[in-house]
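Peer 1: Chains as they are written, first to last, in numbering that gives the first Met the number 0: chain A, 0 to 410; chain B, 0 to 410; chain C, 0 to 380; chain D, 0 to 380.
Note that these hints are calculated values from the structure, not bench results. Treat the hints loosely; a few may be bogus.
Computed cross-link-like contacts, EDC-like style, restricted to lysine to aspartate or glutamate with a CA-CA straight-line distance of at most 20 Å [stated by the list, open to error]:
1. A:Lys208 / C:Asp35
2. A:Lys308 / D:Glu6
3. C:Lys184 / C:Glu211
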Amino acid sequence: MDFTDTQEEAQFRQKARAWLNANASRSTDTTNKFKVGGGDDAEALREAKSWQARKADAGWVGIHWPKAFGGRELPPSYTVIYRMEETNYLVPRGYFEIGLGMCAPVMMSYATAGQVKQYLPRMMRGENVWCQLFSEPSAGSDVAGIRTSARRDGDEWVINGQKVWTSGAHFSDFGILVARHDTTLPKHKGLTFFFLDMKSRGIEIRRIKSIPGRSNFCEVFFDNVRIPDAQRLGDVGQGWQVAVTTLMHERLAVGQASGTNFEDIFALVRELELDGKPAIKDSLVRDKLADWYVRDKGLQYGQYRMLTKISRGEMPGPEASVTKVVSAVQVQQVSSFAMELMDVAGIIDDPRLSPQSAAFQLSFLASPGYRIAGGSDEILRNIIAERVLGMPGDIRVDKDLPYNQLPTGAR
Amino acid sequence: MDFTDTQEEAQFRQKARAWLNANASRSTDTTNKFKVGGGDDAEALREAKSWQARKADAGWVGIHWPKAFGGRELPPSYTVIYRMEETNYLVPRGYFEIGLGMCAPVMMSYATAGQVKQYLPRMMRGENVWCQLFSEPSAGSDVAGIRTSARRDGDEWVINGQKVWTSGAHFSDFGILVARHDTTLPKHKGLTFFFLDMKSRGIEIRRIKSIPGRSNFCEVFFDNVRIPDAQRLGDVGQGWQVAVTTLMHERLAVGQASGTNFEDIFALVRELELDGKPAIKDSLVRDKLADWYVRDKGLQYGQYRMLTKISRGEMPGPEASVTKVVSAVQVQQVSSFAMELMDVAGIIDDPRLSPQSAAFQLSFLASPGYRIAGGSDEILRNIIAERVLGMPGDIRVDKDLPYNQLPTGAR
Amino acid sequence: MNFDFSEEQKMLRAVARKFLKENCSPGVVRRMLDGDAPYDEKLWKGICELDWPGTAVPESYGGIGYGYLELCVLAEELGRVIAPIPFSSSAYMAAEALHIAGNERQRKKYLPRLASGEAIGTCALAEGVTIGAHWHMETIVRDGKLHGTNAPVADGCVADLLIVAARSSAASGVLKLYVVEPSEKGITRETIQTIDPTRPHARVTFDAVAAEPLGSGESHERLIEKLKDRAAVLLAFEQLGGADAALEMATEYAKSRYAFGRPIGSFQAIKHKLADAFIRNELARSNCYFAAWALSSDAEELPIAAASARIAATEAFEYIAAENIQTHGGIGFTWESDCQLFYRRSKLLALTLGSVRSWKNRLIDQLECQASVKPELAGVD
Amino acid sequence: MNFDFSEEQKMLRAVARKFLKENCSPGVVRRMLDGDAPYDEKLWKGICELDWPGTAVPESYGGIGYGYLELCVLAEELGRVIAPIPFSSSAYMAAEALHIAGNERQRKKYLPRLASGEAIGTCALAEGVTIGAHWHMETIVRDGKLHGTNAPVADGCVADLLIVAARSSAASGVLKLYVVEPSEKGITRETIQTIDPTRPHARVTFDAVAAEPLGSGESHERLIEKLKDRAAVLLAFEQLGGADAALEMATEYAKSRYAFGRPIGSFQAIKHKLADAFIRNELARSNCYFAAWALSSDAEELPIAAASARIAATEAFEYIAAENIQTHGGIGFTWESDCQLFYRRSKLLALTLGSVRSWKNRLIDQLECQASVKPELAGVD
């Protein structure tokens, strides 16, 4: 039981840290931590791409990928070590994670050698940005319920429909897509998987504005968009399995919901006064702080446990859902309580007036999104109960019916 | 918006109070409030019967019953007024509520005039105690899933099976019973309702010991117990409807889960010291106290709202489930927190050593039962969601299948 | 026992609901989010024509003299539709302040204008509030002039009449309420950004502003408490209305939205969430009713009743405002969804007049006080 | 990064689990509930034969000198089966007290007997505790003799060795640990009734009892804190084990119990309840692991790590102990069900060594202290 790296890991970590020190600035506690839909202008995108190119050239991208695909073929734990180090620095985030984390693995598994060679290097260096087109207005938690259609037409497929919550679609060059090729099959069986050029004719992209304001989420509309059959990933009808493996690749990610957390409110209550005393001396404040600290640390140490598993070559299980459920709810609780401590002034979200540049108010407005995006609290509890505890699934009325006969309410 | 009685109600309340003052002693705050399975010996039963006879003779039983059935035919609000008054006195409780609240109404609706005349007066005067035989080991939340069988044999029915959680079966003279007469029908359709003599041959009664110790709950075993067909209530196969109406009659009840509540912990924290200060000055204590006070009062004022409805002749709805859910959970929270305030000494449940005669410790041990008996938290939330909010029912796999083809797991 | 609103009051509710349905759709509220208007003028005009601002103002001061139960009914209905108008500032705060602390001349002068809605009033009560590292909000009176800064002041930029709590700079430091007309020299008003732009708030700066003390000039510490207690009851009704409306919205969505081939409302995760919301709303409603009784009958239970209503209603509205978004899923998190209107308003109301923490302190203080007077806990008996 | 128990430690766990499965069935625990025995002798004998009490005692004092990680493993396994033996009193408390506060002679004299299990030890640390209206627990030393009453003392009636915290009656009021043999004149021991009779507690009264201070006689305030921190880690592992076992029991029942024609575990009300329990258990486990590391490496993070583990494990065990009953429904509330064993034990452990409130205070004190030393929050980095 220790936190010591092996000698090789320690060397690797040291090199990563040295490179990061030379190429990025260290993030301090609460500065620059919160950005709404950060980097959505052209300049930020250029910076991100330039950063990614340097990072890839220095060998920090695709660390555990096979050498055949341009990686270094190190154990997955090395990727995690690099990420742990990188979290301490201010680097562009939110551009390449989906491409490298989800699109690249699916390409490695299902694309031709030629396609991999064509697309992966540019993805690694950030020359191309990729996005993922799964969710739809009528298929959020129930991803397999998607309606977007793929009709075969000779050597091509014709796509019609709408995707939603596509992160970064507006600055993406390529995307991976699940669509329904046959509505007479049961819902999980009529799906087919593709990758496509996001500049294709017939694609319209609209940014989604969320409660706290601008976001990088988009709606993507398909009007007779044509995709060559050569860009199909997996067999016709195999779309659900391909999508599920794609989602599983996300498990290596280290990270919690962003937003104000223990350290932020700890800093707040050390400054604030309540009833004439420092707020941190107040027993209600202490009670909550302690809970949040313990949960925060529980997640952090849980990641060490996960990393230990990864070091041993085990794949982490759906326990990672724990991190998501706990941290999303906690951001909402922390921000809400901090506002309460500010009393009548808690409503002010002017960054010049409110403590910590109004980070708590912003987190409060953003937190409902954390509890939904990437699996809602409810879906994640189902996953934990079923896949970890082995409890029976919900009663399903939609598994065997042809898709076009499923009840859909008044829609 | 007021709490004023009408002139008639005020007179009635005054009379009730006067009679109670003359015949019972007023209960003070926390004295004698907690009894485990109180009155389970013969002496207590005799006292209860004697009290009930005096109460009935004075006209305080069957206040809103039709005159034809021995009642005074006053509006139901008068019954509630009497009960509100009675709660302030130390009177025997736990003997006649089920008989008068559930068995009597079902007898009035389904028994013959002769039977009513034969049984009701004695029930009112407490000469006979009645119990209710619904729950079974394999049918708790799912009451309609009962297995106890009723086989027709000429003019009689032969009962075999087991009931459980029958309150007071060991001191009851009669009982009402639901049993399954046909296992080939869907579960709700194969049930028939009876009343029976609890001294019948073939009945065996065992007291149930619960976590805090002795209880008035019993298991009741039926071994070829014979009931005359004349004691059938409702038609053959109508048992479910009869049972449901029986359960609805319980809605007039005023009352919450017993056990330690706001006033008890309020008294505790006014005495206890925490970190060298009176506990009531502690902000965490204050936070919780305030929540509990507000919930407590919310339930009390909710009962005033219900009483107002009853006064107008409306039947209260399943909103009463709110009282049960809130108060049961609160007893557990209050008792648990009180023990925490006592720190290392919180584990001591010797009434001579622990504050308030160890009422908090006892409540802690008893509280899990409150959350289950009379509808679990989960069932009550379903009821609120479906019957009050009109939300869709759970997906049912058991509604139309013949009972004997229902999945039962490994049982 | 008649623990309910009367038939007449219910009729008033029905009329109000119909009017607000027609005149205060979510679209009206959204215009405030997307634009710069300080309130919806058409809606304000409409409710003024219905005499709502004068509901509880006696006829002798130009009101219609209905009473506080009627005002509770209207507050609940305005809360349901998240009304973007300065009603609470003017009717629960400014008019009440004049009513309980003003002298006859001041009432005669100001109340009729507030009752008719011709003037909008507000109170600036923030006292000793520190915002961020540098902004300490405090208003003092020196040589009869107001100095200092006050924020957040609801409707501070549009108010025609400000009631300001200020402490005398003398050693006594007596706290009093002053009436100020914003046209006076030395007043600066600017809108500050808050989490709920549908009810704009201002920062008001006083630089030697002429002000007139309310009443005969005694200390107003206790009257300010009373003012807050009374307003708290009305705000609790707004919260209750909002909580009901948000629960209805969530329930409707859960019934009509299908996932996995069935309405999402058939999943217990959703059903039980909304059942919990219903429970909270019922507890809030019962506490609000008791507070309405205490307010309307000027009962000694008012401080306890007001705090209880406020605590229960805050808990209820905040819970369902968040869980309404959760029930909606992704769509509920979009700017276009009306979910955010409830979410923002629920937090705004939770902090108006002080956080739930301060109300819990007030409640327990009062209960302690009561318990030390009477051996048994008091109640309605 | 190897944040897990080693293969050897896992093997120890497997052996322990097998042994306890065979020797500490729920029936063994139930015998304690229904009878009067102070602990299960057969089980105690069994674990002594396996040398468990000497797990972390150095070989030079008669132990087997494994270490604290091994002791954590055993604590977790004992917690799983709600073991009715004085292991924690003897191994986490008395032996540790001697280890960290005793002098060489005292260690030589007592540790071998504790390590072999030949003697049972316990600590009586309750200090200044007031129980009810009349019972103030405090032990004082006057003229070298102990006076006063101490309760609740775990295993106080069967201990062969008592380590007592007592304050000198002199003005200095120095707090020290004393070692007392219960055969001394003036000691009265009686079992007191608690919520968990499977781990009996005593009230011990001292009437001028001869006692020997541990160590060289300096104040033990800080050592007692340290003793509690160290024991807290081990108790947290007991809680973690109990929480896991209760969750397994609930999960098994939810899978096999049918209602409405389906396993009750297919209802989200049950599934999500148990998912929440799993989440709590995982958070507890991760915090426990960190605390085990801090304990075994004598890290400066121990106070924070111990408090965190204790808080998380208490939360986890109390939650599932209650919800396990709820999942079982009526049958779970009967005396015959094993649910009550977890419910009682969870509360007992939650209050042993002080309530979660006291641990939260300790945690925040330490965090404040750390933050005032370093500009950034410390962590493992």
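Peer 1: Check the hint pairing Lys208 of chain A with Asp35 of chain C against an upper bound of 20 Å on the C-alpha distance.
Peer 2: Holds: Lys208 of chain A and Asp35 of chain C sit about 18 Å apart, inside 20 Å.
Peer 1: Taken at face value, is the distance from the CA of Glu211 of chain C to the CA of Lys184 of chain C at most 20 Å?
Peer 2: At roughly 14 Å apart (the allowed maximum being 20 Å), Glu211 of chain C and Lys184 of chain C satisfy the hint.
Peer 1: Could you grab the alpha-carbon distance between Lys308 of chain A and Glu6 of chain D and see if it respects the 20 Å cut-off?
Peer 2: Measuring from Cα to Cα gives roughly 13 Å; hence the hint holds.
Violated hints for the displayed structure: none, as all numbered hints are satisfied.
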